Amino acid sequence: MHRLALVLPWLLAVASTAAAAPDGVIRVGSKSFTESYILAEIAAQVIEQVGEARAERRVGLGGTGVTQRALESDAIDLYPEYTGTLTRVILKEPSLETIEAIRARLASRDLTMSDSLGFDNTYALAMRDDRAERLGVRTISDLAAHPELRGAFSSGFLEREDGWPGLRRVYGLSLARADVMEHALTYRAVASGEVDLMDVFSTDGQLERLHLRLLEDDRHFFPDYSAVLLARREMTERYPRTWARLREVLEGRLDDRRMARLNAMVDLDGRHVTEAAAEFLAGGTPAAAGFARSGRHAILGEIVALTRDHALLVLISVGVAVVLGLPMGILAARFRRAGQLELSAIAMLQTVPALALLMFMIPLFGIGKGPALVALSLYALLPIARNTYAGLMAIDRTLLEIAWVLRLGELRRLLRIELPLSAITIMAGIKTAAVTTVGTATLAAFIGGGGYGTLIVRGLALDDTATILAGAAPAALMALAFHGLFELLDRWVVPRGLRG
Amino acid sequence: MIALREVTKRFGATAALDAVSLEVPEATTHVLLGSSGSGKSTVLRVILGLTIPDGGEVLVDGTAVDLSTRDRLVARMGYVVQDGGLYPHLTAADNVALAAEAHAWPRDRIAARLHALTELTGLEAAMLGRYPRQLSGGQRQRVGLMRALMLDPPILLLDEPLGALDPIVRVELQEQLGRLVADLKKTVVMVTHDVREAARLGHTITLLTAGRVVQQGPYADLAERPASPFVTQFLTAQAAPAPSPSATD
Chain W
1 MHRLALVLPW LLAVASTAAA APDGVIRVGS KSFTESYILA EIAAQVIEQV
51 GEARAERRVG LGGTGVTQRA LESDAIDLYP EYTGTLTRVI LKEPSLETIE
101 AIRARLASRD LTMSDSLGFD NTYALAMRDD RAERLGVRTI SDLAAHPELR
151 GAFSSGFLER EDGWPGLRRV YGLSLARADV MEHALTYRAV ASGEVDLMDV
201 FSTDGQLERL HLRLLEDDRH FFPDYSAVLL ARREMTERYP RTWARLREVL
251 EGRLDDRRMA RLNAMVDLDG RHVTEAAAEF LAGGTPAAAG FARSGRHAIL
301 GEIVALTRDH ALLVLISVGV AVVLGLPMGI LAARFRRAGQ LELSAIAMLQ
351 TVPALALLMF MIPLFGIGKG PALVALSLYA LLPIARNTYA GLMAIDRTLL
401 EIAWVLRLGE LRRLLRIELP LSAITIMAGI KTAAVTTVGT ATLAAFIGGG
451 GYGTLIVRGL ALDDTATILA GAAPAALMAL AFHGLFELLD RWVVPRGLRG
Chain C
1 MIALREVTKR FGATAALDAV SLEVPEATTH VLLGSSGSGK STVLRVILGL
51 TIPDGGEVLV DGTAVDLSTR DRLVARMGYV VQDGGLYPHL TAADNVALAA
101 EAHAWPRDRI AARLHALTEL TGLEAAMLGR YPRQLSGGQR QRVGLMRALM
151 LDPPILLLDE PLGALDPIVR VELQEQLGRL VADLKKTVVM VTHDVREAAR
201 LGHTITLLTA GRVVQQGPYA DLAERPASPF VTQFLTAQAA PAPSPSATD
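Sequence lines, in order, name chains W and C. Using this note's numbering, the letters of the first sequence correspond one by one to residues 1 to 500. Using this note's numbering, the letters of the second sequence correspond one by one to residues 1 to 249.
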């Protein structure tokens, strides 16, 4: 086991490299919905085209909270955002109206943003065209005359002040029902007539094909949700040519129809985000094929980067869990009663679903690798502490008594006798921790921790099985690789006299 | 010198030791004889301080063994258990050297002592690099004895040290052990259930049953003047051919 002690500094050294700031890299983030993915991919392709820095895609970070925190904590350099979200959710100053005013407020946070990209992805209410026609509903005001209608809204919309509660007050609406429903399922419910009314985004790719009618916001309740690129000012100053090019290519170049079409390409035609981005960029230049290729190239490069990410997540969190779990297991074996309490506490931690544990980390540590590592380390703790305890408890009592008669002393007895005798059991715990952490680490992507989960989250958001597999399959391979690696480590850590 | 005075130890309702007294003068070998569960191993444990008696007194060189003195006293003792009690993850040499390591002996001093001990116990030097599972029972027993002798303690406590060996090796080792402790002038307390071994090695013998002393004295006393029919029964039950009625000389 004294050998295991030698491995730890190495693990910690590996850990320290994770925090190093990347040089010559612009990290592009996105939220986890199609439009955000497409805009981020367009930005990434422009960055690669300029060549001032490499583009790193850290996309699919989830909602506004996580993505925004990723930007402010320097985990990403830019991502697509909407003015309405900026004023209401991020700056919490709904009175800001112009782009200039918002940009001025962002400056104090060391952030900046582009002008409007051209389209306004605002909330809107949609009904099936034929039903709206029959009822004579054209505007949101017209809904007041139809309290028998049933609505189904996404959970954000149903709760946000700029969603249903405000809308209802301003227009004096009441509905027979207003339920929460998963957005993707609501389309089907509206199409089949089970639900009359749903919230959509005005650039929704499905509107046209599902024959949905957008109701006119005749009292201008919904704020302006113009798309912009939100960026760290430091990045824009460091890579001025790239930032200028991004603004030139994107500002005012995407209207509602064009964005809706790109969304539809991905959502409805099953095309890849990189293709949609390349198609947009090819709109002005005839280099479509080239972009598409570089897109596929980027996916491969991305998997390589994600592999490094993922391996680091696993190695560091298992390393930390070993550093904490070994002493905890030893203490539990030394002080039986307190030990049982301690092991129960760790076991309880294990009953928290991994995803929930990750979410709990956000208010404490923000988003990104840090909180993911904390959560993964806590998760890896149980098998290591538990097996250390079990290994120590299983040692023949006579051998311990002889150690006392030989007057080896506490520390020597632990290092020279007890830990080596439990090495097989302890290593089994570490192996269990490593292999399960490879799986659990895919969830890190939900809070911007990177790793293979990035592809899984993206695949889920785009309903794209191939992308999910691109994340899941390497994760399975890595689990096998780690298992093999630790089997090799066994030969080194487990004393020869104990091996069969 | 080791002395027990009216030592009593209970585990729940059963008495492992019931008012046991005995004396072991310096440089003599005392054998604790009895069937399993008679309390003979517990005698070794109270001498070592691994078990603290409920009543009575254990004296080692005039000092009572208790929680405050046992750490100091155990330094004068070597302890050997059945099959050697070796650490399976350490080579024979590392097993033997453990106590010296804890005393920060320099490497060459350890090597010299290891060499001397192999000669003393008759272990082939080539066996020192092996792990316990690669050794025969007799070799393991020798390594266990070497470990107990490493720091040259005046007292040896042997718990069925030859219990796991086949008869031929056993007799051979009995003779070696007898010579060795006599040459080194060790004070020995040894546990066995083998009457011939007791006769061969013990200057004096204590026959125990159910934690009580049945008879104490040289083997000849037990054989010729048994204190009860149990003594005769115990002595004759095992020994098909009568053992030589003399202690090791």
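Just to be clear, a hint being listed does not mean it is correct.
What the hints assert, rightly or not - Derived coverage of chain W by chain C (criterion: at least 3 residues anywhere in the stretch with Cβ under 8 Å from a Cβ of chain C; other residues may be distant): (1) 407-414; (2) 417-428; (3) 489-499.
Bear in mind the hints are in silico, worked out from the structure with no lab data behind them. Being a predicted model, the structure only gives us computed values, none of them experimental. Beta carbons: idealized from backbone N, C-alpha and C, even for Gly.
Checked hints:
Restraint check on the region 407-414 of chain W versus chain C: 4 residues with Cβ-Cβ distances below 8 Å, three needed, restraint holds. Coverage of the region 417-428 of chain W by chain C holds in this model, with 4 residues showing a Cβ closer than 8 Å to a Cβ of that chain against a need of three. Note: the region 489-499 of chain W has 4 residues with beta-carbon separation from chain C under 8 Å; the three-residue rule is met and the coverage holds.
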